Each structure stands twice: as C-alpha cells, then as structure tokens.
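Novice: Each chain, letter by letter, is given below.
Number of protein chains: 2
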Amino acid sequence: MIKKIAGGVCAPKGFRAGGVHCGIRKNKIKKDLALIVSDMRCVAAGVYTTNLVKGAPVVVTRSHLADGYAQAVIVNSGNANTCNADGVEMAEKTCLLASSALSIPAEDIAVGSTGVIGLKFSTDPIEAGMQELISSLSGDEAGSDAAAEAIMTTDTVKKSVSYSFELGGKECRIGAIAKGVGMICPNMATMLGFITTDIAISPAMLQAALSKDVKTSFNMLSVDRDTSTNDTLLILASGLAGNPEITARGKDFTAFCRVLHKVTVALCRMLASDGEGATKLIECRVRGAKTAKDARLAAKAVVCSDLVKTMIFGADANGGRVMCALGYSGAKLDIGKVDVDFRSKAGVLSAYRGGAALEFSEEHAKKVLSEKEIRIEISLGDGKQRATAWGCDLTYDYVKINGDYRT
Amino acid sequence: MIKKIAGGVCAPKGFRAGGVHCGIRKNKIKKDLALIVSDMRCVAAGVYTTNLVKGAPVVVTRSHLADGYAQAVIVNSGNANTCNADGVEMAEKTCLLASSALSIPAEDIAVGSTGVIGLKFSTDPIEAGMQELISSLSGDEAGSDAAAEAIMTTDTVKKSVSYSFELGGKECRIGAIAKGVGMICPNMATMLGFITTDIAISPAMLQAALSKDVKTSFNMLSVDRDTSTNDTLLILASGLAGNPEITARGKDFTAFCRVLHKVTVALCRMLASDGEGATKLIECRVRGAKTAKDARLAAKAVVCSDLVKTMIFGADANGGRVMCALGYSGAKLDIGKVDVDFRSKAGVLSAYRGGAALEFSEEHAKKVLSEKEIRIEISLGDGKQRATAWGCDLTYDYVKINGDYRT
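Top to bottom, those sequences are chains R and V. Heads up, the first sequence is in my numbering, so the first residue is 1 and it goes up one at a time. Heads up, the second sequence is in my numbering, so the first residue is 1 and it goes up one at a time.
One or more hints might be untrue.
Any copy, or any two copies together, can satisfy a pair, since identical chains are not distinguished.
Below 30 Å or equal to it, Euclidean Cα-Cα: the simulated DSSO-like pairs (lysine-lysine) are [what the hints assert, rightly or not]:
1. 212 with 290
2. 120 with 400
3. 215 with 332
4. 3 with 93
5. 293 with 215
6. 26 with 120
7. 293 with 332
8. 290 with 170
9. 215 with 384
10. 332 with 384
11. 28 with 337
12. 26 with 212
13. 251 with 366
14. 293 with 366
15. 400 with 366
16. 345 with 30
17. 400 with 367
18. 4 with 120
19. 366 with 30
20. 120 with 251
21. 367 with 13
22. 366 with 13
23. 212 with 332
24. 332 with 120
25. 366 with 120
26. 215 with 30
In case anyone wonders, no lab produced these hints; they're calculated from the structure. Since this is a predicted model, take the numbers as computed values, not measurements.
Make a model of the complete structure from these sequences and hints.
Specialist: Structure (structure tokens):
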C-alpha cells in the first residue's frame with residue numbers, strides 16, 4: 001500500500017528543512033539557501049553528473065559521502081560554484097559553516113550549488129545568513145517547501161513529493177524535493193534532487209537501489225540534452241521507521257525500490273513539465289523492444305528531438321519526425337514493424353502502422369495534440385522490453401530564457 | 001592554385017542542370033523538380049544517411065550507384081518519399097521517367113527527394129513536368145541556380161559553389177549545390193548535396209575521397225542534431241578535364257581532396273548560416289586535442305548544445321555553457337588545461353584560461369557576440385589534433401518554423 005502523504009522531505013521521521021534569502025542572489029524575494037538536516041546520522045547514497053566538468057560541490061559531496069553516511073545537506077542557488085579556481089575550498093567552507101551551526105562533523109554534510117557556471121563564489125552571504133537558516137528549520141511541509149523554493153533557478157514551481165508505505169509491518173515514509181528545468185539531460189541524476197526516508201537500510205543496499213533506479217528515471221529525462229556540471233541526486237535514510245534493516249536483496253528491498261521509483265518518476269514528470277519554456281509534458285513509452293537498452297535508446301531519442309519537441313509545441317501531427325528519431329536512436333529495430341500512436345486526454349491518434357504512415361483527420365490530430373500532456377506510444381514489435389522517457393516541448397520561451405540567462 | 005569561379009554544378013565540363021515547378025508543391029512560384037545531367041556517363045560516388053529509417057530515394061540511388069557510375073540526378077522537393085509503402089516503386093518510376101526523356105539507362109540515374117516524411121508520393125506531377133524540365137536544362141550558372149532553387153525546402157537562400165584548379169597540368173573544375181537547414185545533423189552527408197567535377201578519376205578513388213571528406217565536413221555540421229532520413233551527398237566526375245586519371249593515392253589525389261574539402265566546407269558554412277531560423281553562423285575550432293576523434297567530439301558537442309546556441313542568439317557571454325558541453329562531449333580532456341575564446345569581426349573575448357573563468361567587460365562581450373559570424377576557439381592543451389564544426393544559433397524562428405512545418 002503506497003499512499004501519497006504531505007510533508008515533502010520532512011515527511012519521513014527525523015528530518016527538518018528550511019530555506020532563506022542570504023544574498024547570493026540580488027533579488028531579495030527569492031530564497032537562495034536551503035538546508036535539510038536529520039536528527040541523527042543517516043545512511044546516505046548519491047549519484048552524480050558524468051560531465052567531466054564537475055561543480056566543486058559535486059567533488060566535495062562525493063568525498064563526504066564516501067563512507068556511506070551523512071546528516072545534513074546545504075544547498076545554494078544563484079551560483080553553481082563550477083569552473084572556479086577556489087571552488088572546492090569554497091564548498092568545503094560552506095560545509096564548515098553548516099558544521100559549526102549544527103554541531104555536526106563537516107564530513108557528514110553534503111553540499112550542492114546551482115546557478116551560473118564560472119561566477120566567483122563567496123561564502124560571506126552564507127555565513128551572514130546561517131543563523132536565520134537554522135531558525136527557519138521546521139519538521140513539517142512548510143520547512144520542506146522553503147528548502148524546495150530556495151534551490152529553484154529558472155524553475156517556475158517547486159517540486160516535492162512524499163509517500164508512506166509498509167516494510168516488515170512498519171509504516172515507512174519517503175519524501176523528496178528537486179529542481180532543474182534547463183541544462184537537463186541527466187546522465188546520472190538531475191540537476192539537484194534530495195530524497196529522505198526513515199527506513200533502516202545498509203549503505204550498500206541504499207546505493208544499489210539508487211544507482212539502479214536512475215537508469216529508468218532521471219537518466220530518461222531530457223529538457224535540452226545538456227548534461228549539467230552539477231547533477232546530484234542524494235538519498236538519506238534515518239532508520240527511524242523501525243523496519244528490519246534491509247541488508248540484502250529480497251522482498252523488502254524490492255518493495256523499497258518500487259516506492260523509490262514512484263518518487264523518482266514523479267520528480268522526473270514534474271521537472272519535464274516545468275522544463276524551461278515548456279507548455280507540455282511529453283512522455284514516450286516504447287514497448288516491444290529486443291533489449292531494455294534498445295527500448296531506452298528509442299524512447300530517449302524521441303523526447304530529445306528538437307523536431308519532435310517543436311511539433312508537439314505546434315500541435316502538428318508530423319509522425320515522420322518520431323520515425324526519424326527512432327531511426328537514428330541507435331536502437332536495433334525493424335522499421336517495417338514500428339507502430340506509432342499519440343495519446344492524450346482528448347483521445348488517440350494512430351500515426352504509423354508497420355512503418356508506414358496512416359491517413360488521419362487533421363481536426364482530430366489537433367485536438368489530441370493540444371492537450372497539456374502528450375504520450376507518444378511506440379511499439380517496435382520485436383521483443384518484450386519496455387522503457388519510458390520524459391521531456392517537454394521546445395518553445396519560444398526556451399529561447400528567450402536561455403538567450404539571456406545571466407541577466 | 002584554387003580559384004573561385006561561376007557556374008555551380010555546371011562549371012565543370014559536360015554538365016547541364018535545370019529546375020521547374022511541376023506541382024508536387026501547391027505553391028506555384030516555388031520550383032520543386034531539379035535535374036543535373038552529364039553529356040557522358042560519369043564516375044560516381046555517394047555517402048548516405050546512417051538513419052535506419054531511410055528515404056526510398058536513398059535505397060534506389062545507392063543501388064543505382066553500386067557499380068560506381070551515373071549520368072544524371074533527378075531531385076524533387078515538397079515530399080521526402082519516406083515511410084511510404086510504395087516508396088521504392090515510386091523512386092524507381094521517377095528514374096524511369098527521366099530515363100525515357102534523357103535516353104539514359106535508369107540504372108545510371110540517381111534520385112533524391114526532400115520534404116515531409118510519410119506523405120503519399122505520386123509521380124504524376126513529375127511525368128507531367130518532364131518535358132518542361134528537359135527544356136529548362138542549360139550549361140551555365142542559370143541552370144545550376146534553377147536546380148539549386150528547386151531542391152530548397154525551408155532554405156532561404158540557394159547554396160552553390162564552384163572552383164577551378166589544376167591537376168597534371170590540366171585545368172579542372174568542381175561545382176556543387178546543396179540544401180538542408182532543418183533536420184540537419186548529418187551522419188554521412190547533409191540532407192542533399194550534389195557535386196560535379198570534370199576530373200578523370202577511378203570509382204574507387206572518388207568514393208575514397210568523398211568518404212574521407214565527410215568526416216571533417218558534413219559530419220561536423222549540425223542545425224538541430226536530427227539526422228535526416230534522406231541525407232545524400234553525391235559526386236559525379238565526367239573526366240572531360242583531360243587530367244591523367246587518378247587511380248591511386250598520390251599528389252593528384254591529395255590535391256583533389258584539398259579542393260573537394262574547400263567545396264564541402266563552403267557548403268557546410270552556407271547550410272549552417274541558413275539553419276532554420278538562424279541569425280548567426282557558429283564555427284567551433286578545437287585545437288590541442290590528443291586524437292582527431294577527441295577534437296571532433298569536442299567541437300561538435302559545442303555547436304550542438306542548445307544552451308550554447310541560445311546564448312549566441314542572445315549575445316550573452318556565458319562561457320560556462322561551452323565548458324559544460326566540452327565536459328559531456330565524450331572527448332578525453334583535462335579541464336584544468338582548457339582555454340576558451342570567442343572571436344568575431346569585432347574582436348576577441350577571452351572567456352576561460354586553464355579551465356577557470358576570466359573576468360571580462362560585458363560591453364566588449366556584447367560587441368564581439370553581436371556579429372553575424374561567431375568563432376568559438378578552444379584549446380585543450382593536451383595534444384596536436386584539431387577539428388572544426390559548424391552550427392547556428394537557436395532562435396524563436398526555429399521554433400516557429402518547426403512548430404508548424406507541414407502547413
């Protein structure tokens with residue numbers, strides 16, 4: 001029984017969160033510093049960007065989490081602290097500031113930064129705002145929301161989700177916040193995502209669950225095919241739910257993986273829906289692939305195609321662009337077996353059968369593609385594997401936002 | 001001595017070309033059918049899309065050129081003849097119609113189509129317009145221009161280039177036309193490119209020259225990272241220049257490859273400049289790479305990045321996006337050694353040195369990036385290999401054009 005509950009990252013037992021404006025951003029009404037803290041040391045796991053240009057916080061967080069434990073996460077927006085000569089020093093100093101204020105060893109603190117790359121980073125505003133940040137901490141949804149707001153950059157809505165579920169007869173909880181709507185083509189994780197849970201689990205199994213999950217969640221998400229320098233997805237498990245500790249694969253691990261995937265897919269859909277300039281969520285479901293990898297390649301190529309994205313923006317039923325993307329996706333496929341449908345609340349539009357275009361009513365097509373959420377359903381007719389990818393349309397506003405991002 | 005000359009594909013000895021409106025397009029003022037024909041059977045070579053979804057004309061042309069010879073090329077715009085159940089039959093029929101009219105065996109005729117994918121194709125307009133097409137043939141620049149116009153889709157200007165050069169004491173000529181400004185990320189060749197020359201060369205050496213060339217020309221070009229289903233680059237060599245036939249590698253082959261590269265690079269720059277909605281040409285030059293492949297990966301990732309493209313559109317000097325693209329390019333590189341400059345007619349803007357961001361004058365940056373042609377110069381400081389890639393900015397008009405392409 002997986003049940004949606006309130007609370008975001010504060011839903012699981014033992015977590016508080018908060019967020020304030022400390023001055024990294026000039027705009028005073030936008031929060032720019034977030035903190036998530038657990039009452040006790042947590043089992044922790046992370047996945048990070050595969051970009052060779054890595055933000056300094058990625059380097060520091062990876063090192064602090066190497067032992068499989070952490071207790072707090074401090075995150076700023078407005079500056080990515082990437083490509084700065086003293087970046088690692090600044091990220092370590094940020095951890096030290098949080099460490100003193102929270103009386104937690106700096107090695108148990110994770111740090112994240114998001115914003116402009118190559119902008120000189122100062123910890124002065126963080127130092128000045130630390131007391132207010134600590135005071136802002138609360139264990140309810142308001143605390144989680146403040147943190148979710150403080151990590152936003154071009155995001156237009158905060159992303160948060162939480163569920164309760166059962167493990168070994170105990171009620172457990174999982175919650176998450178995330179941000180990232182541009183420079184999004186995670187190749188390990190999205191820009192920034194933080195998940196909390198109160199289950200008891202070993203560091204190795206928590207890392208295994210997270211690493212496996214991202215293959216079919218964040219790694220299947222794209223706004224603009226630009227894999228960020230700062231992608232970080234962290235999970236902290238407090239153990240306060242009292243379930244028998246998960247130390248190996250088995251029923252409980254599988255049950256936890258299932259709820260974790262519900263959380264990560266929900267975040268992916270929120271991130272894609274709020275993609276920079278986006279007016280529509282695109283979900284591409286591929287079935288009938290020979291291998292899971294073929295299914296993933298095919299689905300991701302479709303949501304990544306600028307031509308598919310602009311066509312969805314224009315509600316123009318140009319199914320040939322989906323065929324084209326499938327053709328260069330790298331997936332093994334027999335074009336003569338490919339079916340393509342577009343589906344939305346307004347109905348289904350069958351576009352291709354056996355690799356050949358079907359005739360259709362333009363009026364019906366316009367109706368189907370004018371909805372807010374468009375599903376592209378593809379059958380490769382060549383096996384049993386499936387995959388789903390998420391993206392968004394490409395619009396005038398994406399160009400506007402990114403033509404002048406820094407100002 | 002390579003000299004720019006007039007004539008396009010009609011510049012080399014033995015070639016005529018023409019173009020008419022035959023009715024494949026509804027718009028009567030837009031030509032939609034082109035023909036290039038040689039007085040004699042030519043040595044011919046081609047490179048084609050790697051997309052698994054291949055236009056029917058690609059299949060037919062590849063088969064007709066399998067013997068290394070061809071004499072004419074017939075091309076329509078307005079319909080890609082791709083994903084049609086009877087596509088190959090229609091493409092063969094198009095060759096037969098040209099065959100009867102020209103008294104040339106159908107097997108020596110190449111065929112190309114460009115336009116909407118998955119649109120029913122009829123040869124009726126081609127049959128009806130054939131006599132007018134034959135009458136339109138001429139051996140001067142007007143003929144080449146008519147053909148160049150007839151193959152345009154969303155292109156706003158026709159692309160044509162021609163040079164004279166010397167081989168074995170004989171004056172030789174090479175000319176070319178091309179089209180393609182969207183669905184452009186050739187992985188063999190651009191949408192459509194046709195090159196003529198009057199040199200004498202064996203089929204094997206002509207194919208070798210072309211196949212090698214595209215690695216550093218068309219394969220380094222991207223408008224939107226969508227590898228088309230119909231990419232075709234053909235070269236016909238009439239042999240009328242009277243040079244000693246090139247049958248092996250050597251001085252003459254190298255000299256020919258050099259002039260061929262001048263032609264293909266000129267076409268790439270024209271195609272990128274006219275990229276759908278583009279206001280600026282982006283040329284990315286990478287040097288100091290360990291291997292040529294690393295240099296190519298790095299250069300292409302930069303011109304492909306939507307974030308780099310929108311930044312150039314907005315003349316916003318966000319060099320971090322170049323660093324980000326380098327980081328996920330797949331090229332082996334040591335970020336600490338990377339330098340990045342932006343160069344245009346208005347001057348140079350040094351953005352990164354040794355992987356760290358430099359401070360700069362916003363006013364100067366705006367001036368440099370507001371020019372029509374922006375060169376991004378990258379030094380990886382890690383070897384001696386170089387590569388150049390071409391792209392264009394991503395603008396409101398790209399979205400507009402592709403949000404409603406079919407109507």
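Novice: Against the earlier hints, flag every one the structure doesn't satisfy and list their numbers going up.
Specialist: As far as the earlier hints go, 4, 8, 11, 12, 13, 14, 16, 18, 20, 21, 22 and 26 are violated by this structure, in ascending order.
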